[in-house]
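J.: Dock chains B, C and D against chain A, hints included.
Number of protein chains: 4
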Amino acid sequence: MSKLYFRYGAMNSGKSTALLQVAHNFEERDQAVLLVKPAIDTKGNRQVVSRLGVSREVDVLLNKTDSLRQAVTDALSTRDRGLAPVTAVLIDEAQFLTPHQVDEALEVAIFEEIPVLAYGIRTDFQTRSFAGSQRLMEIAHTLEEMKTICRCGRKAIFNARVGDSGRIKEGAQVMIDGEHARYEALCAKCFLSD
Amino acid sequence: MSKLYFRYGAMNSGKSTALLQVAHNFEERDQAVLLVKPAIDTKGNRQVVSRLGVSREVDVLLNKTDSLRQAVTDALSTRDRGLAPVTAVLIDEAQFLTPHQVDEALEVAIFEEIPVLAYGIRTDFQTRSFAGSQRLMEIAHTLEEMKTICRCGRKAIFNARVGDSGRIKEGAQVMIDGEHARYEALCAKCFLSD
Amino acid sequence: MSKLYFRYGAMNSGKSTALLQVAHNFEERDQAVLLVKPAIDTKGNRQVVSRLGVSREVDVLLNKTDSLRQAVTDALSTRDRGLAPVTAVLIDEAQFLTPHQVDEALEVAIFEEIPVLAYGIRTDFQTRSFAGSQRLMEIAHTLEEMKTICRCGRKAIFNARVGDSGRIKEGAQVMIDGEHARYEALCAKCFLSD
Amino acid sequence: MSKLYFRYGAMNSGKSTALLQVAHNFEERDQAVLLVKPAIDTKGNRQVVSRLGVSREVDVLLNKTDSLRQAVTDALSTRDRGLAPVTAVLIDEAQFLTPHQVDEALEVAIFEEIPVLAYGIRTDFQTRSFAGSQRLMEIAHTLEEMKTICRCGRKAIFNARVGDSGRIKEGAQVMIDGEHARYEALCAKCFLSD
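Residue numbers (the working numbering), protein chains in the order written: chain A, 1154 to 1347; chain B, 1154 to 1347; chain C, 1154 to 1347; chain D, 1154 to 1347.
If we strip away everything but chain A, and leave its shape as in the complex, we get (with noise of 0.2 Å):
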């Protein structure tokens, strides 16, 4: 049976490089990704776009109205990708799903027999999970870390959100990287000290 994997870590943790290698690895042996991403996230738009220089177009961008189990049938029946059937569905920025999307993707994975491996950030600036990541965090057969470090050398786990004049604590709780403020991954210590 195939299953639905959450890896989820902090900002900057190397979740889209992951996700670009693992539609490499697939493509290599011949068998077909479909790349989605929900549409709320503006950075890059259409694209996953790695720190390491990497990026790709995705294939499905997806509205909070969009049905996941639709665009994956979709893919499979119409669009022309050559031989290789689509053997697993990568999702980006996961925490932007809408729980009903996440329910879709448990379906992909079991009733359709697909893998769903979706890439996301467990936690907001304030130590809450996105609605898409709750749903990740409640349901996926697998939770697997993506590691990265504090500035202090310790694992880091949260996201905490910094403007021009320092830490945020107060705020809508999406606000892309870098448009007004940037984030930092940091262990639970310092982001509770800070």
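Relax, there's no trap hidden among the hints.
Put simply, identical chains are the same to the list, so a pair is met inside one copy or across any two.
Using 27 Å as the maximum straight-line C-alpha spacing, the simulated DSS-like pairs for lysine-lysine come out as follows:
{"#": "1", "residue 1": "Lys1156", "residue 2": "Lys1322"}
{"#": "2", "residue 1": "Lys1342", "residue 2": "Lys1156"}
{"#": "3", "residue 1": "Lys1217", "residue 2": "Lys1156"}
{"#": "4", "residue 1": "Lys1308", "residue 2": "Lys1322"}
{"#": "5", "residue 1": "Lys1300", "residue 2": "Lys1322"}
{"#": "6", "residue 1": "Lys1342", "residue 2": "Lys1308"}
{"#": "7", "residue 1": "Lys1342", "residue 2": "Lys1217"}
{"#": "8", "residue 1": "Lys1342", "residue 2": "Lys1322"}
{"#": "9", "residue 1": "Lys1300", "residue 2": "Lys1156"}
{"#": "10", "residue 1": "Lys1300", "residue 2": "Lys1342"}
Keep in mind that the hints were calculated from the coordinates and are not lab data.
T.: Positioned in the frame of chain A, the structure of chains B, C and D alone reads:
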């Protein structure tokens, strides 16, 4: 630095056995543990009960308004625990902690430098997280799955509620095992197909 | 496809308890397990003994020249196990398997479609692997660590041999716990500094 | 305490990409890394080469008689690395380390307090470990699998050697990819059935 661990698993995955084994491991090395259980679980009252036949009384039965950090501090300062200091906090049925108590568990780990090992289930009979497990999923340093199997042989990840007349899909989130219903750990496919 | 799992840990990390819990989990779901132990371990003879106080007789005591695959096949065909087919093979003290028996364990998993869960220690008192654990490390589908702690509080990964006059650093690889020496699980730092 | 990590995976599982991403993660936080590669791998000479298209020169090309600990100490004391101290050692193709160099890697972690992340393959084309990977499997604090897929869709765990006339089952342990043969990562079933 000490960490907050969430060891989650479906019903009957052996969480209480694992907790009692860890307590034993610490005590064999002359290190004391503090056993904590939220008061909501009336099964066994003050006992951690393993289905293998081992049981043990908890040190702290925690009500919803109790402070976990205070309970740990009290244990460190006032209880006569012989020569051994408390070197770990073990929490059974951790899904029933309040979010605030989970925040305190993180504080105990990073500010008191005492590791906290929380054992609990991830989701209820409708695949929704409990208040405690949601918060643990958000802020625990490490998420570790306790595996068990479905009747079909696959890994069980969900908890079905079953009454005398079969599967129950609506009702209160908390209904203690054995009182008016029992639980069966199922894989996603059996859970959704049933 | 079924898998070969190697769940390894230092001495006294709770491997036998975990194995007995897994056996219980299968049997609660009316699925039979086959308990196997290499004959070299004279501790408890035919018993799997948990330090928590639970024990159970093994189904197969395997000599070095015995075929694991044959033992499994025999169990499948000739033993009266009631209605329940063998759905998992559980191996205690798996470090004492021969490399050939480990190869057979992999064959049982992939050709007989029966998962094999092997529990054992990784290395001897000189940090060298046993023949069985080396082979398991090479070919198991999944390596899962059973954690325990050192006297200093860190994770223990090595097994020190201790006699009446202190640490023993030379000698035969196999000396059963309690006969002429005992073992203490230590972290790398305590092990190398002592 | 710092740790020795062995991140192992089959050929083409993305180990070099992951290593380069980790280097990037450290350096973004103004923490320097020391990149090490055993000299035996002639692929790319002094380069760590990722199949995603990213590459980078190593800091230390380690011969079999070289001391890893000395190389790290030299880097700490004499190299002008600007203001950033070396905060991690990253080793590519770690299966080619000598057992002694792996012992030194553990010493660097526990006595120099610098984490060592070793990336390498677990076994050769005959499912036997390399000298370096065997020792890493014995003493690393943490074993982490880098997953990739077989042509059949299952998880690949073995490395088949393939020549112009098909599968090669006998020969020297080391034959660098692309020179006289190539490698294909396979699952256990495809590997053993072929």
